[in-house]
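Colleague: Below, each chain spelled out in residue letters.
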Amino acid sequence: MIAYYLRLALRSLRRTPVMTALMVCAIGLGIGASMTMLTVLHVMTQDPIPSKSGVLFYPTLDPLPSDYQTSTWGNPADNLTWPDAMALLRQGKPARQAVMAGGGLLVWPLDAAGRPTEHGGRYTTWQFFDLFGVPLEHGGGWTAADDAQQARVVVLGRDLAMKLFGSTDVVGRSVRLKDTAFRIVGVAAPWSPQPRFYVDLGGGRSFGEADDFFLPLSTAMGLQFDISGNRSSWAETDMQDKLRSPSMTWLQMWVELDTPQQVADYRRFLHDYAAQEHASGRFQRDPDTARLYPLMDWLGHKKLVPSEVQLQLWLAIGFLVVCLVNIVALLLAKFLRRGGEVGVRRALGARASDILLQLGCEAALIGVAGGVLGTVLAQLGLWSVRRRPDGYARIAQMDASMLMASVALAILATLLAGLIPAWRASRISPALQIKAV
Amino acid sequence: MDIRPILSTLLRHKTAAALIVLEIALSCAIVCNALFLIGNRLDHMQRPSGFDETHLVFVKANGITKDEEAKAVTRADLDGLRAIPGVDSATVVNQIPFGSSVWMSGIKLRPEQEDSTLSSTNYMVSEDGLKTLGLRLLEGRDFAASEYVDDGDGWIPSVIVSKALAQRLFPDQGAVGQSIYVFGNKPHRIVGIVEHLPRPRDGGASAAEYDMSMLFPARVSYSDGGTYALRVGDPARRAAVLEQAKQVIASHGPTRIISKGGTGTMEDKRARYYRNDRAMAWLLVAVSAALLVVTALGIVGLASFWVAQRTRQIGVRRALGATKGQILRYFQTENFILATLGIVLGMVLAYAINQLLMSKYELPRLPLSYLPVGAVLLWLLGQIAVLWPARRAAAVPPAIATRSA
Chain A
1404 MIAYYLRLAL
1414 RSLRRTPVMT
1424 ALMVCAIGLG
1434 IGASMTMLTV
1444 LHVMTQDPIP
1454 SKSGVLFYPT
1464 LDPLPSDYQT
1474 STWGNPADNL
1484 TWPDAMALLR
1494 QGKPARQAVM
1504 AGGGLLVWPL
1514 DAAGRPTEHG
1524 GRYTTWQFFD
1534 LFGVPLEHGG
1544 GWTAADDAQQ
1554 ARVVVLGRDL
1564 AMKLFGSTDV
1574 VGRSVRLKDT
1584 AFRIVGVAAP
1594 WSPQPRFYVD
1604 LGGGRSFGEA
1614 DDFFLPLSTA
1624 MGLQFDISGN
1634 RSSWAETDMQ
1644 DKLRSPSMTW
1654 LQMWVELDTP
1664 QQVADYRRFL
1674 HDYAAQEHAS
1684 GRFQRDPDTA
1694 RLYPLMDWLG
1704 HKKLVPSEVQ
1714 LQLWLAIGFL
1724 VVCLVNIVAL
1734 LLAKFLRRGG
1744 EVGVRRALGA
1754 RASDILLQLG
1764 CEAALIGVAG
1774 GVLGTVLAQL
1784 GLWSVRRRPD
1794 GYARIAQMDA
1804 SMLMASVALA
1814 ILATLLAGLI
1824 PAWRASRISP
1834 ALQIKAV
Chain B
294 MDIRPILSTL
304 LRHKTAAALI
314 VLEIALSCAI
324 VCNALFLIGN
334 RLDHMQRPSG
344 FDETHLVFVK
354 ANGITKDEEA
364 KAVTRADLDG
374 LRAIPGVDSA
384 TVVNQIPFGS
394 SVWMSGIKLR
404 PEQEDSTLSS
414 TNYMVSEDGL
424 KTLGLRLLEG
434 RDFAASEYVD
444 DGDGWIPSVI
454 VSKALAQRLF
464 PDQGAVGQSI
474 YVFGNKPHRI
484 VGIVEHLPRP
494 RDGGASAAEY
504 DMSMLFPARV
514 SYSDGGTYAL
524 RVGDPARRAA
534 VLEQAKQVIA
544 SHGPTRIISK
554 GGTGTMEDKR
564 ARYYRNDRAM
574 AWLLVAVSAA
584 LLVVTALGIV
594 GLASFWVAQR
604 TRQIGVRRAL
614 GATKGQILRY
624 FQTENFILAT
634 LGIVLGMVLA
644 YAINQLLMSK
654 YELPRLPLSY
664 LPVGAVLLWL
674 LGQIAVLWPA
684 RRAAAVPPAI
694 ATRSA
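Those sequence lines, one after another, are chains A and B. Under the working numbering, the residue at position 97 of the first sequence is numbered 1500, and the numbers go up by one with no gaps. Under the working numbering, the residue at position 264 of the second sequence is numbered 557, and the numbers go up by one with no gaps.
These are calculated hints, taken from the structure and not from any lab test. For every residue, glycine included, the Cβ atom is placed at its ideal position computed from N, Cα and C. Hints may be right or wrong, so weigh each one.
To give an idea of the interface, some chain B residues facing chain A are shown, with a C-beta separation under 7 Å as derived from the structure [to be verified]:
1) 309
2) 315
3) 316
4) 319
5) 320
6) 323
7) 366
8) 369
9) 550
10) 566
11) 580
12) 583
13) 584
14) 591
15) 654
16) 693
Extracted from the complex, chain A is given alone in its bound form:
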């Protein structure tokens, strides 16, 4: 029966090609706009590391003075100070943990004629690779002993290794970073979770390119390498050693906690640490301000989606609603005009539900066509988004699930939109209509 209704619907739509085209275009535009923005939102809020997001946690402490006013520029307590990070690293008992900060360095090619280039990387502690499951193509990370000795060892990203050496099998060779030679101990396979959850989020750093190198944080401190990201201080600090100051935050820390028991233990440990610092007078704020964020909660806390994107999403959804109201109006006009035909079918014994089904098929057909058009338009929209300069723009791709979702949304939307007109048409009393014919 459905096949027959679909044939009928097709014939009816062909009879009024202009109106059909208008309706398909309206749905296509609405779906295209809203799916473009939904996809952008989807990639911005996706789980960056599904295999481990459940066991990764971000501890924070609040070492700020009690009268410190946070501004729109961000909360300094989102990062850790050097003394606190080192204390947590020493005293905490998570399964794995790492402290880190971003940095930019000039990297020197080995032949003397080449020009140095700027690259961004991460200064971190030895468990970083195991903690996040960073795949290594050659070699491995470094050891706890390397951290302690400020060893001059580095793990290169695959792209940088290729650029410098034309090969990835370069473990044991050396590279000059800024003004110091480093021994290469490993080459990391491409690894670029999006959003870049582990970095100092915000300020355009939340999405985008992978790290080009990884080296021990202690070594970077010893060599006074430049760090990137936010540095917030709230007291007079000794300019010579400001990175080690107890009143400047700049470090990120991640811990892996595999069981609920470990989570509870770590939470208690963090609270005890804050309480102890509070008792000693260094922390002015209540120890309850210490937090342990699960990864996805942390991303939510950092509000990665710019209000710009949210506004655009609302606009697109508003647009879709107007398009749908439009479809309801047009379908209503179309179906009621067919009163005569409906009347004859009803008089010949068709039930109201049969009419509903028949007209519903017609609405669904428009929905499918609109959905296909909308998907094409959404691809066009995403292409234009990708040409924007923002970090998130480049990853705005529609995956299979979003593709299905957009067609489903189109059909659902038109079916809903077709429901009122079809229902109205199915209520037409046959006698009156036949008299009119």
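Place chain B on chain A using the hints.
Modeller: Only chain B this time, still in chain A's reference frame:
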């Protein structure tokens, strides 16, 4: 024209009429807010920077040198840059407008004060700073030659503040001659006030907050984040000057590279900085236009349906002596009534949406002036959209009334 028959017809087609009203209301609400957002963005983009944008180019170099060397290299760079034909003056600044970094410092009015009164961005310039950047002095004077110090080497005696900052710090008296405390507990005397001196990045700040900055006479070396600013007499020579500047920089050491992000004309930097806002404005224009088209199509569709449904009725009216103009006006009046209802509802909705945006995204209140614009737009749209079906109705021949059913 009698409105009663129109109303009674509309009441018999409640669903269809309600849909048209709803569509117009939604369009009106969204278009009003979209226009408002566009206006808002354009305002942001057109705020004056106070810099002489058409004559300014920036050059930023990276490299590796020890601290003492860096100062000497910076001096040599500046001498070399000044010697480029077409360069009127040159200076080194710690941050540039539309650049990537912002330096903020807290300001205290008394040395013993515990917390800062407010924080503001701090620019640092070497000799010729004001002249090169094209900042306009409203009161006081430029820095004296003796006031410039090397960054990090001792106390900076003076400061120039923006008008907005002066008014905020010293609302009741003149700011020139007053002292503020920024780096430590020795005073910086305010020697001048410039008309505008905005933050390097606006960060969505309100106009007053955006314009609160101060300027110190401190030489920053290139390795500490200093960027060279060059004032080029003839804007047409800016590209040539930039090319030559790169050569000058490269000649002062084998290991220097030009930072792409920090180099270019100020106009390019402005355009790049605001390209997202421009893209957003265009997106809003496109969506508003599409919205209006869709709404118009809806009106055309429903009005045609009505005309088709009432063909006989219209024929009867024509047979009874109604003129074509009267039929035309009937449909136009009908649309006007629907549009008015939609607009009234749309205004309420527009305000509700604005209220939501205000609470969620810190947007200002929708000025009342946007509402009549939206209203007129939708009235016109409705009248234009209904014209074609209405003319088809007017063209219905009176003879149709006599045709049997």
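Colleague: For every hint, state whether the structure bears it out.
Modeller: Against the structure, the hints come out as follows:
1. 309: 6 Å, holds
2. 315: Holds - the Cβ of residue 315(B) comes within 7 Å of chain A, reaching about 5 Å at its closest.
3. 316: 5 Å, holds
4. 319: 5 Å, holds
5. 320: 6 Å, holds
6. 323: 5 Å, holds
7. 366: Since chain A brings no Cβ nearer than about 15 Å to residue 366(B), farther than 7 Å, the hint is violated.
8. 369: Because about 20 Å separates residue 369(B) from the closest Cβ in chain A, which is outside the 7 Å limit, the hint is violated.
9. 550: 6 Å, holds
10. 566: Result: violated, 10 Å to nearest chain A Cβ.
11. 580: At 6 Å from the nearest chain A Cβ, residue 580(B) passes the 7 Å test, so the hint holds.
12. 583: 6 Å, holds
13. 584: Constraint on residue 584(B) satisfied, holds at 6 Å.
14. 591: 4 Å, holds
15. 654: 5 Å, holds
16. 693: With a closest approach of 15 Å, the residue 693(B) hint is violated.
The earlier numbered hints that this structure contradicts are 7, 8, 10, 16.
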